[in-house]
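Based on the provided sequences and hints, a complete structural model is requested.
For the record, the sequence lines run as chains A and B.
The numbering of the first sequence is this note's numbering, which starts it at 1 and goes up by one.
The numbering of the second sequence is this note's numbering, which starts it at 1 and goes up by one.
The set of hints was computed from the structure by calculation and includes no laboratory data.
All C-beta atoms in this analysis are idealised placements derived from N, C-alpha and C, irrespective of residue type, glycine included.
Each hint should be verified, as a subset may be incorrect.
Straight-line Cα separation of at most 27 Å, DSS-like style, residue types lysine-lysine; simulated pairs [said to hold, decoys possible]:
| # | chain 1 | residue 1 | chain 2 | residue 2 |
| --- | --- | --- | --- | --- |
| 1 | A | K292 | B | K59 |
| 2 | A | K368 | B | K398 |
| 3 | B | K59 | A | K394 |
| 4 | B | K361 | A | K87 |
| 5 | B | K275 | A | K351 |
| 6 | A | K398 | B | K373 |
| 7 | A | K275 | B | K398 |
| 8 | A | K394 | B | K275 |
| 9 | A | K351 | B | K394 |
| 10 | B | K341 | A | K368 |
If you want the ones that stay clear, here's a sample from chain A, every Cβ over 10 Å from chain B, calculated [to be verified]:
| # | residue |
| --- | --- |
| 11 | R26 |
| 12 | V54 |
| 13 | K101 |
| 14 | R170 |
2 protein chains.
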Amino acid sequence: MIKTIPGGVIAPKGFKAGSVHCGIKRNIKNHDIGIIFSEESCKAAALFTTNQIVAAPIKYCRKIIQNGAVHAIVVNSGNANACTGKKGYNDAEKMAHLTSKHLNIKSNEVIVASTGIIGRLLPMKKIQSGISKSIAHLGNQNTHSLNIAKAIMTTDIVPKHIAVKTRLGRKEVTIGAIAKGSGMISPKMATMFCFITTDASISLNTLRSCIKKSVEDSFNQITIDGHMSTSDMVAILANGMAHNQNITSSSKHNLTLFQKALDYVTLHMAKAIVKDGEGATKFVQVEINEAKSISDARKIARMIAESPLVKTAINGEDPNWGRIISAAGYADVTLDESRLKLFINKITIYKNGLPVTPIPKRLLSEMKKDEIKIQLHLGMGNKSTTLWTCDLSKEYVKINAEYHT
Amino acid sequence: MIKTIPGGVIAPKGFKAGSVHCGIKRNIKNHDIGIIFSEESCKAAALFTTNQIVAAPIKYCRKIIQNGAVHAIVVNSGNANACTGKKGYNDAEKMAHLTSKHLNIKSNEVIVASTGIIGRLLPMKKIQSGISKSIAHLGNQNTHSLNIAKAIMTTDIVPKHIAVKTRLGRKEVTIGAIAKGSGMISPKMATMFCFITTDASISLNTLRSCIKKSVEDSFNQITIDGHMSTSDMVAILANGMAHNQNITSSSKHNLTLFQKALDYVTLHMAKAIVKDGEGATKFVQVEINEAKSISDARKIARMIAESPLVKTAINGEDPNWGRIISAAGYADVTLDESRLKLFINKITIYKNGLPVTPIPKRLLSEMKKDEIKIQLHLGMGNKSTTLWTCDLSKEYVKINAEYHT
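Next comes the structure, spelled out in structure tokens:
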């Protein structure tokens, strides 16, 4: 039984968060730096963007995560510290050192993350004061989680945090998280930030495989604009303070329960990122069935979800399904037109290579709904995948034509 | 010496065109069907979309083009005859038969092409009367070319036709063409229509290799929205009426001259399609240099050109170059950040892994120009490529959200 509870990222035992406005963002009301801290050092695992061009904090974190031990996370928004060379790397390292010094923890146990504009050096004086003030504000109330969820936002409109409880044997284990989107979102790990905390006791290798599996079916299955970011990161910290029987690869039942709770959190966050996609007015689920392989299904789902023609048709509440079929056709997957079946919100509109005529009237009212479900059966095998995306609106263009200057 | 002349697709000797409004498009002023006819049967070659889902006329043409002989082209707009099953195929075949009967030519020497909405059966009565009327209107004036260029338009704003003359030995050879875009445009052959006529005498194999080579560096190097169409076709018809010495693979000098003139035509048309891209306000050239291979260069150029974040930044006249570098980073090509050099309209803005600071003021005025040239040097080798694209505007979203209903 998975139960959602308040508290977000600080809901698990032993976690605190603190955040402030340090001056990177213009509006003084907007927090732009924050710290997540665990009373005890955590087993930790993280996944990073697969972009060849990565921000300085990613380079730094790739190194320190190898030890599998993390005690705190420091994160800022408004500046990605990307394309900033050696100086940028030193700045990321300095953020870790400042944080560790103030918290009296090891400097190689601090995750550093930055998001925002690419190509500008961090204002290190502001960062320095932001770190000490954030630490002064550390606390474990729901508002602390909400505030740090806001502190990592860029073009996001809605702060994203969640916590769930599950029972493992006689112990309750809690998982909390904060996340941010909402542009530069494309599948292929990980295209955003999600910081996950848990008080579960779990072996490092099991934690690593759990998060990898969970990300595969959540954050790697969303796309907003197909542009992969330089700064993406999903990190999970487990401090063991729930004192459950340690979860390992051989603890089958508890491992399944923990994985389920973790999947619940990551899928919730993945969907929340899509719903808050830049300019999004519709939440779109693309389901590919009867594929020869999962990889085939994913390729097709991605082509459909990233086609600007499909996305604008959905924005216009227009059942222009020819755009869906034609996008499936250029995914580099062998298809047989006569075996395809296409449904929108469960209404059959194309089968045996022919459109259903006349177009069911109900389809027009379905297109007006906030959630659109596209299902395409390929008739080539028995593999399936689901991907989540949003529409493409004039608002998306406005946001991104005006973001920088 | 390549010289542009009037006449478009009917400029080469022996070609005529005719077009009318037959009732597929709503506005009676808009021609929606047309015929291109050569007095003599032509050697012909064609390239088609690589989409797995192809329109009925593509299936039909793939078969008949194998003979290498074409006498006429019949083309309609407003309906793509795609996703229309067996009936759609029979309709395409019927268009060829009706055309051949009226023109008294062989029925397997007629190219059929349809563009427009996907998933609707052709109104064959209208088509039938449109074919006979188009034939009644056949002529070889500039307006005949202009009218058929208009007749193949869908969301295009500007009709696209051109003709060039070049001298091969003592004979003048003419190449003419019409083309259409302007959505569902993505590199990977061919993403639009372009019908090319020439009075050159040329062997079939040479014609085939010339058109393939020419398309590779023109239509395959443009992208508007990354959505590959089901109906794309580039066809060339050569009737030999210029009576030049027959061009073969061994006629080096004349072959080079012919290829150059053909390349001029295809590149002109490719750029014209991008300039008339849906909602386009800027013409963008993406040049990748110092790549290890052409394929690497093309992958990166494509990622940059198809990123909605790059396209909206250009729309907003915003030198947000971090989006360009980060798009290059996810093209699945190994990069070394410290070797990259990025220029916009020849102004250096990023090198040695660092932004040029302060940002040159001139850059802001350059961003306001109608033509933006992005040059990225990878420092990995000596291969280059150039790709052409346009920006992404609110108007694109408007056009495509409202196209269907």
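Now for the hints, and whether the structure bears them out:
no.: 1; hint: K292/A / K59/B; verdict: holds (25 Å)
no.: 2; hint: K368/A / K398/B; verdict: holds (17 Å)
no.: 3; hint: K59/B / K394/A; verdict: violated (37 Å)
no.: 4; hint: K361/B / K87/A; verdict: holds (24 Å)
no.: 5; hint: K275/B / K351/A; verdict: violated (37 Å)
no.: 6; hint: K398/A / K373/B; verdict: holds (22 Å)
no.: 7; hint: K275/A / K398/B; verdict: holds (21 Å)
no.: 8; hint: K394/A / K275/B; verdict: holds (21 Å)
no.: 9; hint: K351/A / K394/B; verdict: violated (34 Å)
no.: 10; hint: K341/B / K368/A; verdict: violated (47 Å)
no.: 11; hint: R26; verdict: holds (17 Å)
no.: 12; hint: V54; verdict: violated (8 Å)
no.: 13; hint: K101; verdict: holds (28 Å)
no.: 14; hint: R170; verdict: holds (46 Å)
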